[in-house]
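Peer 1: Given next are the chains, with one letter for each unit.
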Amino acid sequence: MSATNGKSITLSSKLQDIDFGTKASVPGWLRQLRCEGRERFNQMGIPSVKDEEWKYTNVTPLAERQFHFPMEFALKEKALLKHYLNPQETNIVLVNGVYSEEFSNVKNLVKGLTVTNLTVQADNAQLKKLINLFPSTYPDVFAALNNALLQEGIFIQIDDATVVQKVIHVVHVANPTNHDTIIVPRTLISIGKSAQVDILESHVGFSSGAYFANALTDILIKENAAAHYCKAQAESKGAYHIGSTRIWQKRDSNLETFSLTVGGTLTRNNLNIILEEPGTTTFLHGLYTMKEEQHVDNHTCVEHRAPNCTSNQLYKGILDQHSRAVFNGKIIVSREAQQTNSYQLNKNLMLGSDCRIDTKPQLEIFADDVKCTHGATIGQLNEDEIFYLKSRNIPQDLAVRILARGFVDDILNRLPNQSICEKLNQLLSSAIDVLK
Amino acid sequence: MTKTTQQDELTQREYKYGFVTDIETEQFPKGLNEEIIRLLSERKKEPAWMLEWRLKAYRHWTTMKEPHWANIHYDPIDYQAVTYYSAPKKGKDKAQSLEEVDQELLKTFERLGIPLSEQKRLTGVAVDAVFDSVSVATTHQSELAKLGIIFCSMSEAISHHPELVKKYMGSVVPYSDNFFATLNSAVFSDGSFCYIPKSVRCPLELSTYFRINAADSGQFERTLIVAEDDSYVSYLEGCTAPMRERNQLHAAVVELIALNNAEIKYSTVQNWYSGDKEGRGGIYNFVTKRGKCVGVNSKISWTQVEAGAAITWKYPSVILQGDHSVGKFYSVALTNNRMQADTGTKMIHIGKNTKSTIISKGISTDHSNNNYRGLVKILPSADGARNFSQCDSMLVGNNCSANTFPYIEVRNTTAVMEHEASTSKISAEQLFYLRSRGLDLEGAVSLIINGFCKEVFKELPLEFSVEAVRLLEMKLEGSVG
Numbered sequence: 021m022s023a024t025n026g027k028s029i030t031l032s033s034k035l036q037d038i039d040f041g042t043k044a045s046v047p048g049w050l051r052q053l054r055c056e057g058r059e060r061f062n063q064m065g066i067p068s069v070k071d072e073e074w075k076y077t078n079v080t081p082l083a084e085r086q087f088h089f090p091m092e093f094a095l096k097e098k099a100l101l102k103h104y105l106n107p108q109e110t111n112i113v114l115v116n117g118v119y120s121e122e123f124s125n126v127k128n129l130v131k132g133l134t135v136t137n138l139t140v141q142a143d144n145a146q147l148k149k150l151i152n153l154f155p156s157t158y159p160d161v162f163a164a165l166n167n168a169l170l171q172e173g174i175f176i177q178i179d180d181a182t183v184v185q186k187v188i189h190v191v192h193v194a195n196p197t198n199h200d201t202i203i204v205p206r207t208l209i210s211i212g213k214s215a216q217v218d219i220l221e222s223h224v225g226f227s228s229g230a231y232f233a234n235a236l237t238d239i240l241i242k243e244n245a246a247a248h249y250c251k252a253q254a255e256s257k258g259a260y261h262i263g264s265t266r267i268w269q270k271r272d273s274n275l276e277t278f279s280l281t282v283g284g285t286l287t288r289n290n291l292n293i294i295l296e297e298p299g300t301t302t303f304l305h306g307l308y309t310m311k312e313e314q315h316v317d318n319h320t321c322v323e324h325r326a327p328n329c330t331s332n333q334l335y336k337g338i339l340d341q342h343s344r345a346v347f348n349g350k351i352i353v354s355r356e357a358q359q360t361n362s363y364q365l366n367k368n369l370m371l372g373s374d375c376r377i378d379t380k381p382q383l384e385i386f387a388d389d390v391k392c393t394h395g396a397t398i399g400q401l402n403e404d405e406i407f408y409l410k411s412r413n414i415p416q417d418l419a420v421r422i423l424a425r426g427f428v429d430d431i432l433n434r435l436p437n438q439s440i441c442e443k444l445n446q447l448l449s450s451a452i453d454v455l456k
Numbered sequence: 009m010t011k012t013t014q015q016d017e018l019t020q021r022e023y024k025y026g027f028v029t030d031i032e033t034e035q036f037p038k039g040l041n042e043e044i045i046r047l048l049s050e051r052k053k054e055p056a057w058m059l060e061w062r063l064k065a066y067r068h069w070t071t072m073k074e075p076h077w078a079n080i081h082y083d084p085i086d087y088q089a090v091t092y093y094s095a096p097k098k099g100k101d102k103a104q105s106l107e108e109v110d111q112e113l114l115k116t117f118e119r120l121g122i123p124l125s126e127q128k129r130l131t132g133v134a135v136d137a138v139f140d141s142v143s144v145a146t147t148h149q150s151e152l153a154k155l156g157i158i159f160c161s162m163s164e165a166i167s168h169h170p171e172l173v174k175k176y177m178g179s180v181v182p183y184s185d186n187f188f189a190t191l192n193s194a195v196f197s198d199g200s201f202c203y204i205p206k207s208v209r210c211p212l213e214l215s216t217y218f219r220i221n222a223a224d225s226g227q228f229e230r231t232l233i234v235a236e237d238d239s240y241v242s243y244l245e246g247c248t249a250p251m252r253e254r255n256q257l258h259a260a261v262v263e264l265i266a267l268n269n270a271e272i273k274y275s276t277v278q279n280w281y282s283g284d285k286e287g288r289g290g291i292y293n294f295v296t297k298r299g300k301c302v303g304v305n306s307k308i309s310w311t312q313v314e315a316g317a318a319i320t321w322k323y324p325s326v327i328l329q330g331d332h333s334v335g336k337f338y339s340v341a342l343t344n345n346r347m348q349a350d351t352g353t354k355m356i357h358i359g360k361n362t363k364s365t366i367i368s369k370g371i372s373t374d375h376s377n378n379n380y381r382g383l384v385k386i387l388p389s390a391d392g393a394r395n396f397s398q399c400d401s402m403l404v405g406n407n408c409s410a411n412t413f414p415y416i417e418v419r420n421t422t423a424v425m426e427h428e429a430s431t432s433k434i435s436a437e438q439l440f441y442l443r444s445r446g447l448d449l450e451g452a453v454s455l456i457i458n459g460f461c462k463e464v465f466k467e468l469p470l471e472f473s474v475e476a477v478r479l480l481e482m483k484l485e486g487s488v489g
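These protein sequences, in sequence, are chains R and W.
Heads up: the first sequence begins at 21 in this note's numbering, then just goes up one per residue.
Heads up: the second sequence begins at 9 in this note's numbering, then just goes up one per residue.
Just so you know, these hints were derived from the structure itself, not from any lab.
Since the model is a prediction, treat every value here as computed from it, not as a measurement.
Careful, some of the hints might be misleading.
Which stretches of chain R does chain W cover? Using the computed rule of at least three CB atoms under 8 Å from a CB of chain W, they are [unchecked claim]:
#: 1; region: 109–121
#: 2; region: 182–193
#: 3; region: 370–380
Capping the alpha-carbon separation at 20 Å, the derived lysine to aspartate or glutamate pairs in DMTMM-like fashion look like this [what the hints assert, rightly or not]:
#: 4; chain 1: W; residue 1: K385; chain 2: R; residue 2: D374
#: 5; chain 1: W; residue 1: K433; chain 2: R; residue 2: E356
#: 6; chain 1: R; residue 1: K391; chain 2: W; residue 2: D185
#: 7; chain 1: R; residue 1: K70; chain 2: W; residue 2: D374
#: 8; chain 1: R; residue 1: K456; chain 2: R; residue 2: D374
Where is the CB? At the ideal position from N, CA and C, for every residue including glycine.
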């Protein structure tokens, strides 16, 4: 790791081949991946607001900054993290992008579940298939950047017919000591046929400094598997978080995703789901609570490529003070995907004085036997409801919190796993309890 | 009946306005340059300021690039291969009475179902008929003049009411607005002008009928409607063109201005020739329509039935500047064969307590492509703004596509906005229900489609509403089952 010490990059200029340590230890596939990622990144460059996908989120300020690779991998604020982890669960902790033996407990895993460091994997067929699930030419410049800068990653494999009872909790802790650090978390998950699993991936930050987390998670859900995948983002105040989650669903698989965003100064979540084979079911839920000058941008894209698939999407947001939210949901139904049911809804609550919301629910439909709907609402709390509570001797700020709670509970309560639900509530309370 | 006549009848039914009027015309040479614009301005005996304005637009246009963000595909347009002016030769000056109008022309409009002779007129509709580049007749002018309403062709307005034209033209769609509007500003040949004075409620439906006849010509008309304080006007627009193998360009601009408490209702039934089954020919319809609610409590509503044109690129918009102003958009867009439509609206909320409603229905059949693209923008000044949008699409057949691209930008925390959209097909249950009650397949489909579009049709003036229903039925014939 020490090879990158003191090294830095600027995103506006072309990426060079970075020496990530001794070349001999790097497996061939990784070297190729980095190379392809670098080429793709240099080819695409940092998008501007003229790019339709980045119309409402300006990342050009990021481009000029000089980002350093992390120098230290020890955590000082241990108590905060310990409070967040449940020792009963399978915890996988990475500090500043590097696997931490101290906080993780991956020993005595159930049979059929393996957790390994991605980058020490040898060139095997299984991995090759997974890593090329989404080709390096995929039109996502930050995914390409992640490929180019990949140093360590987590590889979770769940074998066929394995039921994993305990929640798998992947925690990416950012606690950089120097300013403007870049962290590239990478997770690869393969869920076998008829397997069942609950996964929570948290991005948390315990410092107030500015850093840039460029996360990428790829998930393959095989035939008849059932997966719950949650992404919780509670980065520190000055953080930039640009993350992509790409999911590939096979025949008759079930997926429920949840995305929570409370932290960071600028967040972009890309969630791309490809329904490749018939009979799949997908739920996409999301929640964001923003305050001060925070900016969140949720981009979802559900691609129906096969018949008889259902996708159901609900994203809710609370905006306070001067915050900004962007929602762009895309549903693509290809010609083969008959009997598709696809729903999408984005609801926003504006509590601040000058919030801004840009929402763009989008349908692109090429098959005729479909039922697709989308909707978006933007509004305020109902004055009558506040009056009702106040007339019962509940002060204004508490009334607002109760109603805001009601607004988010509707979606939070859909989470099937109690333990994950509690964790998300823990992260959320810091945002809800300050509403007035 | 012989086979050919049967076939003829079928094609006739597909597009019954596809005939060509054999009339002597005066045409400018093909191509566009400053000379052509000078010639056009001279031919129309325009004042110097108008020519200046045209040239300014032309010079700006030469610096612009054709936009390609819409989800439509077509071969590049050669703007130098278009005839920018074509007019019937007889009576170079506009006819003073109907007797002076060429009989061929009258017959043409008669065949289109637009009788220009005032005795046979539809009750309560005044018509301005535009044939290729010029207005050939405007009915009921004297009756309207008694009320102080000015309803005439744009050329007349430029020479008779220059102060009004100067004041309002370009105030909503500036000459530099977009590629097609700028082209129009440079070469617009005619169109309608309509001015409703203070506190006048226009007793007639005003209407313009556009007809493209000449081959390889483009039609570039410009319409301007001004409604003074407390006035009301309802305006209709219809369009047809002959069936030709080559694509023809239509780039129009419509500007509406509503002052305090004024209301403008603008309805369109667009039935340009849409090309044949293989997508040959048809009109390229690139239109900029925009209304501005300048005054308080003003109201503008757009109602459109888009059933023709090979390509439709049209976003009738409302700028809600006055406090408490209201903007409405009702649209039915039907595409069949290989038509492509990218249409929708823009609602820009600037004033306080402004309201907007969007109802859009898209029906897509055969190999066509139907897109809704809309923008709702609520600016920080628009306290208490309210928007409701609904856009539904219906797919008939497996080779068409329907897309929705709604952009919603809210920058005021007191705004309330709702948007909903759906895409579906006619369900088997609905069809079964109707057929089990004795309706044939086409009757059942037509009934369901009518129900689907009802919210929009009821906004149309009565005669147009009937016409729109028939138009839809005719277009859907043969595409179901």
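Peer 1: Let me make sure I understand: some of the numbered hints might not hold for this structure. Which ones are they, in numerical order?
Peer 2: 1, 2, 6, 7
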